[in-house]
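Undergrad: Sequence:
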Amino acid sequence: MAIPQVIAQTFQGTTALHILNSIAFLVIRRPKMPKGRFDQASSNVQWMVIRNNSSFLRKRKLGTFTTEPNNLKNRNSFRLNGLIHPKVVGVEAAKDGKGVVFSTGSIKNVKKPTKRFHKVKLTKDSRRALTTIRRTIRKQHYRKDLKMAALRRASALLRGQKLALTTPTATTTGKRAGKAAAATTSS
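Residues in the sequence shown are numbered from 1 upward in steps of one, following the working numbering.
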């Protein structure tokens, strides 16, 4: 069956304008977009936009810092920015103060921020937590330049939590110190 006959059978009883619009739709197709981040602006363009204008910026005497998520050193730089790169790594302290939360960002769900990041709470000892971070970055092909920064941040957070658990006992000074010492020796 020839194409004009198919068109005539399909559009029997419709106006010429509807026929032309339908044919144009069939002939002119939008090319399929490749998967990935190609429908968004590049990282360089995003960086030029948020470099000096961001709600996360904290300008200090020593330099410009940021409070954005997944910025391992909290510095305002293209390399460490956690908002513009497709594959990012983040380490933060757990809310309950035990362990760290290791988050990884994927390319798949760039347009869905709630599904983009995968967070894992690491509460075991520091050696296992650091090994998990090291293996995840290596095996899932995350950026190699972020590996040492992530390990250092996790190590510092875990070390800080360990020190917070051992608090020194309160001691008295001055005139009360003599009275407190006398009270403990007499009883």
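A few of these clues could be false.
[Unchecked claim] Straight-line Cα separation of at most 20 Å, SDA-like style, residue types lysine to any residue; simulated pairs:
hint	residue 1	residue 2
1	112	99
2	162	151
3	87	139
4	119	83
5	147	106
6	87	152
7	147	111
8	111	83
9	147	41
10	144	84
11	98	132
12	162	143
13	112	174
14	121	111
15	95	144
16	147	71
17	121	156
18	95	63
19	115	140
20	87	63
21	98	162
22	124	96
23	119	97
24	147	96
25	115	83
26	121	71
27	124	159
28	124	99
29	73	124
30	73	112
Quick caveat, the hints were computed from the structure, so don't treat them as lab data.
Undergrad: Now look at each hint and say whether the structure bears it out.
TA: Status of the hints after comparison with the structure:
| no. | hint | in the structure |
| --- | --- | --- |
| 1 | 112 <-> 99 | 27 Å, violated |
| 2 | 162 <-> 151 | 16 Å, holds |
| 3 | 87 <-> 139 | 13 Å, holds |
| 4 | 119 <-> 83 | 16 Å, holds |
| 5 | 147 <-> 106 | 16 Å, holds |
| 6 | 87 <-> 152 | 19 Å, holds |
| 7 | 147 <-> 111 | 26 Å, violated |
| 8 | 111 <-> 83 | 13 Å, holds |
| 9 | 147 <-> 41 | 26 Å, violated |
| 10 | 144 <-> 84 | 17 Å, holds |
| 11 | 98 <-> 132 | 16 Å, holds |
| 12 | 162 <-> 143 | 29 Å, violated |
| 13 | 112 <-> 174 | 61 Å, violated |
| 14 | 121 <-> 111 | 24 Å, violated |
| 15 | 95 <-> 144 | 28 Å, violated |
| 16 | 147 <-> 71 | 12 Å, holds |
| 17 | 121 <-> 156 | 16 Å, holds |
| 18 | 95 <-> 63 | 28 Å, violated |
| 19 | 115 <-> 140 | 17 Å, holds |
| 20 | 87 <-> 63 | 26 Å, violated |
| 21 | 98 <-> 162 | 9 Å, holds |
| 22 | 124 <-> 96 | 14 Å, holds |
| 23 | 119 <-> 97 | 16 Å, holds |
| 24 | 147 <-> 96 | 25 Å, violated |
| 25 | 115 <-> 83 | 15 Å, holds |
| 26 | 121 <-> 71 | 18 Å, holds |
| 27 | 124 <-> 159 | 13 Å, holds |
| 28 | 124 <-> 99 | 7 Å, holds |
| 29 | 73 <-> 124 | 24 Å, violated |
| 30 | 73 <-> 112 | 25 Å, violated |
Of the numbered hints stated above, those contradicted by the structure are hints 1, 7, 9, 12, 13, 14, 15, 18, 20, 24, 29, 30, listed in ascending order.
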